[in-house]
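S.K.: Read off the chains here:
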Amino acid sequence: MKEKSDGEQQKFCGNCGNHAAYEYPNKIFCSMLFCKGKNPIVETLWCCEYWNPSSQECYCIKEALKNKTNK
Amino acid sequence: MRREDFLTEPVKHIKINGKLTVDQLVQQFKNAGSFGAGRLATACDIYERMLRDKECTIFLSLAGAVVPAGLRMLIADITRKRLIDVIVSTGANLVHDTIEALGGHHYKGHSAVDDWLLYKYHIYRIYDVFVPEEDFSRLDYKVAEMYEEIAAERNGESLSSREFAWELGKRLNDPNSILRAAYEAKVPIFLPAVRDSEFGFIHWLHAVKENARSKLVLDAFKDVPEIVEICRDSPKNGMIVIGGGAPRNTVQSAALATKKGMDYAIVVTMDRPETGGLSGSTLSETVSWGKVKSKADKVMVIADAMIVFPIIVASAIERLGENFDRAAYKIGKMLEGEI
Chain A
1 MKEKSDGEQQ
11 KFCGNCGNHA
21 AYEYPNKIFC
31 SMLFCKGKNP
41 IVETLWCCEY
51 WNPSSQECYC
61 IKEALKNKTN
71 K
Chain V
1 MRREDFLTEP
11 VKHIKINGKL
21 TVDQLVQQFK
31 NAGSFGAGRL
41 ATACDIYERM
51 LRDKECTIFL
61 SLAGAVVPAG
71 LRMLIADITR
81 KRLIDVIVST
91 GANLVHDTIE
101 ALGGHHYKGH
111 SAVDDWLLYK
121 YHIYRIYDVF
131 VPEEDFSRLD
141 YKVAEMYEEI
151 AAERNGESLS
161 SREFAWELGK
171 RLNDPNSILR
181 AAYEAKVPIF
191 LPAVRDSEFG
201 FIHWLHAVKE
211 NARSKLVLDA
221 FKDVPEIVEI
231 CRDSPKNGMI
241 VIGGGAPRNT
251 VQSAALATKK
261 GMDYAIVVTM
271 DRPETGGLSG
281 STLSETVSWG
291 KVKSKADKVM
301 VIADAMIVFP
311 IIVASAIERL
321 GENFDRAAYK
331 IGKMLEGEI
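Chain order of the listed sequences is A and V.
Residues 1 to 71 in my numbering are what the first sequence lists, from first letter to last.
Residues 1 to 339 in my numbering are what the second sequence lists, from first letter to last.
Same shape as in the complex, but just chain V (with noise of 0.2 Å):
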């Protein structure tokens, strides 16, 4: 390369002039085209381009507690509008989902706060975020009921992580629920650290009572034909990542399993790559995997995604219009008798 070519665009400044919707923000940090905000536009970019992509199937990974922090109605929302496709999260997410499906709350709390005090009035506490002991415990009975009823419908044959997930949102009332947005507009969700959070316990309590009419089995392994079909099936592949952890890990190795590797590519992390630990490692060494095209659509926005989420799906949905309509695209052969 030439010197001029390092030389070519000048950073143009921030103007904030009046009123601005949040995609003309966007369009500033744009640019600017430096540091986050350069980052962030261009995640709006991207995500716009896999929308109006027709052949791109969208999958969203969810690890952190972003649902009890404030994103719940918004993923729900998304899911039903069919902006995304798939979503792979954490347990703990669609935990604290199903919670306020049953009446509970998180409330707005602080992390300056003396633990030991919160732990003597039942009050657990994620990071500012603090939830009552009780709403854990109804969702206990609640959901172990529920777990009954599951498998005595089933008969001893186990389920899916997915298959789990659209159980329990047929079984849920609550419109803004995840669990029951994705059971009504037949988005898999899949769960691939189940276990790993109150859903696991819940079973625990309801493998070891008495008089049980029948224990529900989750078979881990069902999800990984699933989730690699829809994979292989997409012309074109996209994910949005939040956090990282087992989530993004399970879209990834779908990506690699299929040999295809992600087209788009959004992560949205705070992580650091030099653990070794995949929530922090960068693009370019999922581009060394396979998992993501070299020549993929991609980014990574170091910043949190409770700020940049919401303007990413905002920004959107600015550019798209309220009335677009996005014909998804089929999903899974393996899914077609379900969906």
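Chain A extracted, bound-state conformation (with noise of 0.2 Å):
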């Protein structure tokens, strides 16, 4: 998982142009992982080199980080 740095967006899957949800919130979709011939499905709070900004915010990354602080 890429680390934020000051003024970024920090990356994850769930916040990704790539993503849709799959068992929400924890695990998404990726339509870039399948085309790449990759296992498409993915933890929220998992990011990869294709990373690519998602147009409208959604609830993914939010609910999978109080999923996690639950366990």
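It is worth saying that the hints were derived from the structure and are not from the lab.
Heads up, the beta-carbon is just placed ideally off N, CA and C, and yes, glycines get one too.
Among the hints, a few may not be true.
To be verified - In silico lysine-lysine, DSSO-like type, Cα no more than 30 Å apart, as pairs:
no., chain 1, residue 1, chain 2, residue 2
1, A, Lys38, V, Lys108
2, A, Lys38, V, Lys120
3, A, Lys66, V, Lys236
4, A, Lys62, V, Lys142
5, V, Lys120, A, Lys62
6, A, Lys71, V, Lys120
7, A, Lys36, V, Lys108
8, V, Lys108, A, Lys62
9, V, Lys222, V, Lys236
10, V, Lys215, A, Lys36
11, A, Lys11, V, Lys142
12, V, Lys142, A, Lys68
Claimed, not checked - Simulated coverage check for chain V against chain A, where a stretch passes if three residues somewhere in it have a Cβ under 8 Å from a Cβ of chain A:
no., stretch
13, 119 to 128
14, 133 to 145
15, 158 to 167
To be verified - A few chain A residues that face chain V, going by a derived Cβ cut-off under 10 Å, partial list only:
no., residue
16, Ala20
17, Cys35
18, Ile41
The two chains are supplied separately, each in an independent frame; assemble them into the complex guided by the hints.
M.R.: Written out as structure tokens, the structure reads:
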């Protein structure tokens, strides 16, 4: 997972433009990984080199972080 | 006409005496004979006549989100019972059928909801029905795998949308699925706008996938000779149209191409004719094209299909009896090898 730097949005699969809910909020379906022939089901709080910003925010990260804290 | 010719049959007022079956209520509508009630009763009579006519092939045209809204099992049942012979549908209705076949659900929601909140929760809205995005993700993942398998089996040979629908039906195990029922009952399903649905976007995922064994090729024009032949070979043709759009046009165009015209027609829509759009076009307008015969047994019901269609089917089944065995008309020589 890439670290957040000053003034930069922290990068997660859950705020990447390639994400769709799979097991909301913890797992997402990544269309980019699918097209690359890799396992497309990844953790919401994961990130990879194909990250690109999502055009609109959603609750994936917020709720996945909440679930992680509650565990 | 003389004055008295206009005043032959008085309206009989609806009387509810205790419990009524669906068809008993329809008979009350028929006695009143007016507005939507009268048209609905006429639609029930026409469907009964279509079913009793051993020479009639019945086309069911589906547009509008009737599958996510709750008509899925009804359509699967009448497909299995062969109370229709051919389905022509939007791709979207069968996408939603597949979503449920793969374990997904549609949820009762509300139209007065914060759509931005739904977006943030990854929930899609179809008027007052909600669908979680994960059901679409599972659909994308599983159906893309099916595409790859079908493509490998076809080895580069293209499919018609009818073959595509049966290939999907073959791979779904849910007995309540329309695609599964159609595959088992060998009822052709044509999807004239298949690309304009999630099936099209799944193809994009499948086509750009690296290391894919082979690519699925769907040829929309292959459908045309198949549906035209079904229409041409049938002594009589009838259509039940829910909504309109590309499915209605596909059915009517088959009747036009064969110069036969529909012998029976029921259209259930909420659309208006003034825009010139097909979904609201009157059956009188279709007569001008030769798509429906001028003397056809026909009615247009301006109503919500979610209310009307189950009543039409329930009324027909009640009249014909549960054991009514409709000798399905043998459709299309072109499909003989597969049916």
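S.K.: Is the Cα-Cα distance between Lys120/V and Lys62/A 30 Å or less?
M.R.: 11 Å, holds
S.K.: Have a go at the Cys35/A hint: is there a Cβ in chain V nearer than 10 Å to its own Cβ?
M.R.: 5 Å, holds
S.K.: Taking only the CA atoms, is the gap from Lys38/A to Lys120/V under or equal to 30 Å?
M.R.: 26 Å, holds
S.K.: Sort out whether Lys142/V lies within 30 Å of Lys62/A, counting only the CA atoms.
M.R.: 28 Å, holds
S.K.: Is the straight-line distance between the alpha-carbon of Lys222/V and that of Lys236/V 30 Å or less?
M.R.: Roughly 23 Å separates the two Cα atoms, so the pair holds.
S.K.: Hey, Lys71/A versus Lys120/V, does the alpha-carbon distance stay inside 30 Å?
M.R.: At roughly 23 Å apart (the allowed maximum being 30 Å), Lys120/V and Lys71/A satisfy the hint.
S.K.: Less than 10 Å between beta-carbons is the criterion; does Ala20/A satisfy it with respect to chain V?
M.R.: Where the cut-off is 10 Å and the nearest Cβ of chain V is about 5 Å from Ala20/A, the hint holds.
S.K.: Are Lys142/V and Lys68/A close enough, with their CA atoms no more than 30 Å apart?
M.R.: Holds, at roughly 28 Å.
S.K.: So, as I understand it, the hint says Ile41/A touches chain V; can you test that by seeing if any CB pair is closer than 10 Å?
M.R.: Nearest chain V Cβ about 8 Å off; hint holds.
S.K.: Per the coverage rule (Cβ-Cβ under 8 Å, at least three residues), is the stretch 158 to 167 of chain V covered by chain A?
M.R.: With 0 residues in contact (Cβ-Cβ under 8 Å with chain A), the coverage given for the stretch 158 to 167 of chain V is violated.
S.K.: Below or equal to 30 Å on CA atoms is what counts here, so check Lys108/V against Lys62/A.
M.R.: Distance of about 26 Å is within 30 Å: holds.
S.K.: For Lys66/A and Lys236/V, compute the direct alpha-carbon distance and say whether it is at most 30 Å.
M.R.: Given that 30 Å is the threshold and the Cα spacing comes to 63 Å, the pair is violated.
Violated hints for the displayed structure, listed by number in ascending order: 1, 3, 7 and 15.
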